[in-house]
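Protein chains: 4
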Amino acid sequence: MNMSLEECIKACLECMEACNGCYDACLKEEDVKMLAECIRSLRECADICAFSAKSMQSDSPYVKQICQACAEICQACGDVCKKHEHHEHCKQCAESCYKCAEVCRKMAV
Amino acid sequence: MNMSLEECIKACLECMEACNGCYDACLKEEDVKMLAECIRSLRECADICAFSAKSMQSDSPYVKQICQACAEICQACGDVCKKHEHHEHCKQCAESCYKCAEVCRKMAV
Amino acid sequence: MNMSLEECIKACLECMEACNGCYDACLKEEDVKMLAECIRSLRECADICAFSAKSMQSDSPYVKQICQACAEICQACGDVCKKHEHHEHCKQCAESCYKCAEVCRKMAV
Amino acid sequence: MNMSLEECIKACLECMEACNGCYDACLKEEDVKMLAECIRSLRECADICAFSAKSMQSDSPYVKQICQACAEICQACGDVCKKHEHHEHCKQCAESCYKCAEVCRKMAV
Numbered sequence: 001m002n003m004s005l006e007e008c009i010k011a012c013l014e015c016m017e018a019c020n021g022c023y024d025a026c027l028k029e030e031d032v033k034m035l036a037e038c039i040r041s042l043r044e045c046a047d048i049c050a051f052s053a054k055s056m057q058s059d060s061p062y063v064k065q066i067c068q069a070c071a072e073i074c075q076a077c078g079d080v081c082k083k084h085e086h087h088e089h090c091k092q093c094a095e096s097c098y099k100c101a102e103v104c105r106k107m108a109v
Numbered sequence: 110m111n112m113s114l115e116e117c118i119k120a121c122l123e124c125m126e127a128c129n130g131c132y133d134a135c136l137k138e139e140d141v142k143m144l145a146e147c148i149r150s151l152r153e154c155a156d157i158c159a160f161s162a163k164s165m166q167s168d169s170p171y172v173k174q175i176c177q178a179c180a181e182i183c184q185a186c187g188d189v190c191k192k193h194e195h196h197e198h199c200k201q202c203a204e205s206c207y208k209c210a211e212v213c214r215k216m217a218v
Numbered sequence: 219m220n221m222s223l224e225e226c227i228k229a230c231l232e233c234m235e236a237c238n239g240c241y242d243a244c245l246k247e248e249d250v251k252m253l254a255e256c257i258r259s260l261r262e263c264a265d266i267c268a269f270s271a272k273s274m275q276s277d278s279p280y281v282k283q284i285c286q287a288c289a290e291i292c293q294a295c296g297d298v299c300k301k302h303e304h305h306e307h308c309k310q311c312a313e314s315c316y317k318c319a320e321v322c323r324k325m326a327v
Numbered sequence: 328m329n330m331s332l333e334e335c336i337k338a339c340l341e342c343m344e345a346c347n348g349c350y351d352a353c354l355k356e357e358d359v360k361m362l363a364e365c366i367r368s369l370r371e372c373a374d375i376c377a378f379s380a381k382s383m384q385s386d387s388p389y390v391k392q393i394c395q396a397c398a399e400i401c402q403a404c405g406d407v408c409k410k411h412e413h414h415e416h417c418k419q420c421a422e423s424c425y426k427c428a429e430v431c432r433k434m435a436v
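As given, the protein sequences belong to chains A, B, C and D, one line each in that order. With the working numbering, the residue at position 69 of the first sequence is 69, and numbering never jumps. Just so we're on the same page, the working numbering is the position in the second sequence counted from 1, plus 109. Just so we're on the same page, the working numbering is the position in the third sequence counted from 1, plus 218. Just so we're on the same page, the working numbering is the position in the fourth sequence counted from 1, plus 327.
Worth flagging that the hints you see were computed from the coordinates, not collected in a lab. Built from N, CA and C at the ideal position, the CB exists for glycine as well. The reader is advised that the hints may include incorrect statements.
[Stated by the list, open to error] With a cut-off of at most 25 Å between alpha-carbon atoms, the simulated DMTMM-like pairs for lysine to aspartate or glutamate come out as follows:
1. A/Lys82 x B/Glu138
2. C/Lys282 x B/Asp133
3. D/Lys355 x C/Glu248
4. A/Lys82 x A/Glu37
5. A/Lys28 x B/Glu146
6. C/Lys301 x D/Glu357
7. B/Lys192 x A/Glu85
8. A/Lys83 x A/Glu6
9. B/Lys119 x B/Asp168
10. C/Lys300 x B/Asp168
11. C/Lys282 x B/Glu123
12. A/Lys28 x B/Glu139
13. B/Lys142 x B/Asp188
14. B/Lys192 x A/Asp79
15. A/Lys83 x A/Glu30
16. B/Lys137 x A/Glu37
17. D/Lys360 x C/Glu224
18. A/Lys10 x D/Glu334
19. C/Lys251 x D/Asp406
20. D/Lys391 x B/Asp140
21. C/Lys246 x D/Glu429
22. B/Lys173 x C/Glu232
23. A/Lys33 x B/Glu138
24. B/Lys142 x D/Asp386
25. B/Lys191 x A/Asp79
26. A/Lys33 x B/Asp168
27. D/Lys410 x C/Glu247
28. B/Lys173 x D/Glu357
29. A/Lys10 x D/Glu333
[Unchecked claim] Listed next, the stretches of chain B that the computed footprint assigns to chain D, with coverage defined by at least 3 CB atoms under 8 Å from CB atoms of chain D:
30. 138 to 152
31. 172 to 180
Let the sequences and hints guide you as you build the complete structure.
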C-alpha cells in the first residue's frame, strides 16, 4: 500500500472516530436543539468516512468518486462544527474534518 | 427468492425508511433534548435494517446472526419510539420497528 | 416528500437490490475469475445506493454530494455489468444501474 | 473512554482493514472460484466490524447486540479464512478475525 493511500485511510478513520464521538457528545449537551444541524452533519460525515476507508482498503474501482464526496462532506461538516467551537468536542472535530477533507481532495484527483 | 426472505427484506427496508424519516422529524421537533435517546436509537436501527436487507439480498452466510441483532434492536427501538408516541412519526415508526422485529426473529431461527 | 425525492429513493433501493442480487449470482457462476471486476464494482454500487437512500430518507444536508457520487458509480457499474450481459443477471443489473444513475444525476444538480 | 471499549474499537478497525485487504487479495488470486465463499464472508465481516466500531464510538444503546453479532461473524469468518491459509493474506486475516471475535464476545456480555 502506498504512503498517500495509507495516510488517507488513517485520516478517514480518525475523522470517523471524531465525528462519532462528537455526535455522541452533542446528544448529551443541554443545548441539543441548537446542535441539531451539527448532529445531522456528523452522522453523515462519520458514515462517508467509514465508506471511504472501506473503499481504499479494498482497492475499490471508485476510490476517486468516493473520496471526492468525502472531501466535500468533511469540509462542510468542519464548517458546521466550527460554528459550535465553544464546545471543545466540536472544535476538535472540525480539525479532524478539515484534515480529512484535505487528504481526500488529493486522493480524488 | 422464497417468500419469507422477500417479506423480511421488505420489512427491513420499510423499517429503515420509517426510522430515517423519524430521525429527521425528531431533529426538527422543539423538544429535541427529550428525543435524544430516540434519535440515537433510530440511527442505529435504520442502519442495522439496511445491513440486514443487504445481507439477505446478497445471500450472506450470516443472515441469521444479522437478523438476530436486527430483531433485538428493532424491538428495543420500537419501545423507545413508543415512549414518544405523542409524536405521530414516533408512533408510526414504533409499528414499523415491531413488525420488522417480528419478521427478523423468524429469519434468525 | 416530493415526487423526485421519492423516485430517487426508489431507484436507489432497486439498484441496491439488483447489485446485491447480481453480486450473489456472480459469485455462484463458474467463470467467477472473469467476473472479479464486476463483483468488486457491484459491492461498491450496492453500498453507495444504500447510503444515498439513507441520506435522502433522513434529509441529509449532503444529498447532492452523495447523489453525485452515486450517479457516477452507478453509471460506471452499469458499464461493467454490460460487458457481462451474456449473464442475464448482469444485463438486468446494468439497466437498474443506468436508471439509478440518471435519477441521481438530476438529484445532484 | 474506558480501556476495554478502546481495545474493542481497535480490534474491530483492524479486523475491518484485514478483511477488506483480504477481500481485495482474494479477488486478485487465480483460484478466485475456490475463494468465493471466503470473498462473501469477508465483505460481511468487514462491514459488521465497521458497524461495531461506529456503534462503540457513538455510545450506541445497542453495543451489546451488535458486538454479539460481530463476535459470531468474526469467529465464522476466521474459520473460513483458515481453510485457505495457504494464502498468506487469508492466514493473517483469520488471526485478526479470531482476535476481534474474542474481544467482541467480552463486550457483548
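Results for each hint:
Pair hint A/Lys82 plus B/Glu138 holds up; C-alpha atoms about 23 Å apart against a cutoff of 25 Å. Taking the CA atoms of C/Lys282 and B/Asp133, the gap is near 17 Å; set against the 25 Å cutoff, the hint holds. Only pairs whose Cα atoms come within 25 Å are accepted, and D/Lys355 paired with C/Glu248 is accepted, the gap being roughly 16 Å. The straight-line distance between the Cα atoms of A/Lys82 and A/Glu37 is roughly 12 Å, inside the 25 Å bound, and the hint therefore holds.
Distance hint between A/Lys28 and B/Glu146 is fulfilled; the C-alpha atoms sit about 9 Å from each other, no more than 25 Å. For the hint pairing C/Lys301 with D/Glu357, the CA-to-CA distance comes to about 21 Å; that is within 25 Å, so the pair holds. Taking the CA atoms of B/Lys192 and A/Glu85, the gap is about 33 Å. The hint is violated against a cut of 25 Å. Taking the CA atoms of A/Lys83 and A/Glu6, the gap is about 30 Å. The hint is violated against a cut of 25 Å.
As the CA atoms of B/Lys119 and B/Asp168 are separated by approximately 15 Å, the hinted pair is consistent with the 25 Å bound. Among the hinted pairs, C/Lys300 with B/Asp168 is consistent with the structure: their alpha-carbon atoms are about 23 Å apart, no more than 25 Å. Between C/Lys282 and B/Glu123, the direct Cα distance comes to roughly 23 Å. Compliance with the 25 Å bound is thereby established for this hinted pair. This hinted pair checks out: A/Lys28 and B/Glu139 have alpha carbons roughly 16 Å apart, not beyond 25 Å.
Of the pairs offered as hints, the one joining B/Lys142 and B/Asp188 holds, with about 18 Å between alpha carbons and a cut-off of 25 Å not exceeded. Between B/Lys192 and A/Asp79 the alpha-carbon distance is near 35 Å, which puts this suggested pair outside the 25 Å criterion. For the hint pairing A/Lys83 with A/Glu30, the CA-to-CA distance comes to about 17 Å; that is within 25 Å, so the pair holds. The suggested pairing of B/Lys137 with A/Glu37 holds, with an alpha-carbon distance near 9 Å, which does not exceed 25 Å.
Between D/Lys360 and C/Glu224 the alpha-carbon distance is near 39 Å, which puts this suggested pair outside the 25 Å criterion. Between A/Lys10 and D/Glu334 the CA atoms are separated by roughly 17 Å; this keeps the pair inside 25 Å, and the hint holds. Proposed proximity of C/Lys251 and D/Asp406 is supported: the alpha carbons are some 23 Å apart, at most 25 Å. Proposed proximity of D/Lys391 and B/Asp140 is contradicted: the alpha carbons are some 28 Å apart, above 25 Å.
Restraint check: the Cα-Cα separation between C/Lys246 and D/Glu429 comes to about 31 Å, which exceeds 25 Å; the hinted pair is violated. Only pairs whose Cα atoms come within 25 Å are accepted, and B/Lys173 paired with C/Glu232 is accepted, the gap being roughly 23 Å. Restraint check for A/Lys33 and B/Glu138: satisfied, since their Cα atoms lie roughly 8 Å apart, inside the 25 Å limit. Between B/Lys142 and D/Asp386, the direct Cα distance comes to roughly 17 Å. Compliance with the 25 Å bound is thereby established for this hinted pair.
Note on B/Lys191 and A/Asp79: the hinted pairing is violated, with a Cα-Cα distance of about 35 Å set against a maximum of 25 Å. Among the hinted pairs, A/Lys33 with B/Asp168 is inconsistent with the structure: their alpha-carbon atoms are about 41 Å apart, more than 25 Å. For the hint pairing D/Lys410 with C/Glu247, the CA-to-CA distance comes to about 21 Å; that is within 25 Å, so the pair holds. Of the pairs offered as hints, the one joining B/Lys173 and D/Glu357 is violated, with about 31 Å between alpha carbons and a cut-off of 25 Å exceeded.
This hinted pair checks out: A/Lys10 and D/Glu333 have alpha carbons roughly 16 Å apart, not beyond 25 Å. Restraint check on the segment 138 to 152 of chain B versus chain D: 4 residues with Cβ-Cβ distances below 8 Å, three needed, restraint holds. Chain D is given as covering the segment 172 to 180 of chain B, and this holds because 4 residues of the stretch bring a CB closer than 8 Å to a CB of that chain, at least three being needed.
Checked against the numbered hints listed earlier, the structure breaks hints 7, 8, 14, 17, 20, 21, 25, 26, 28; every other hint is satisfied.
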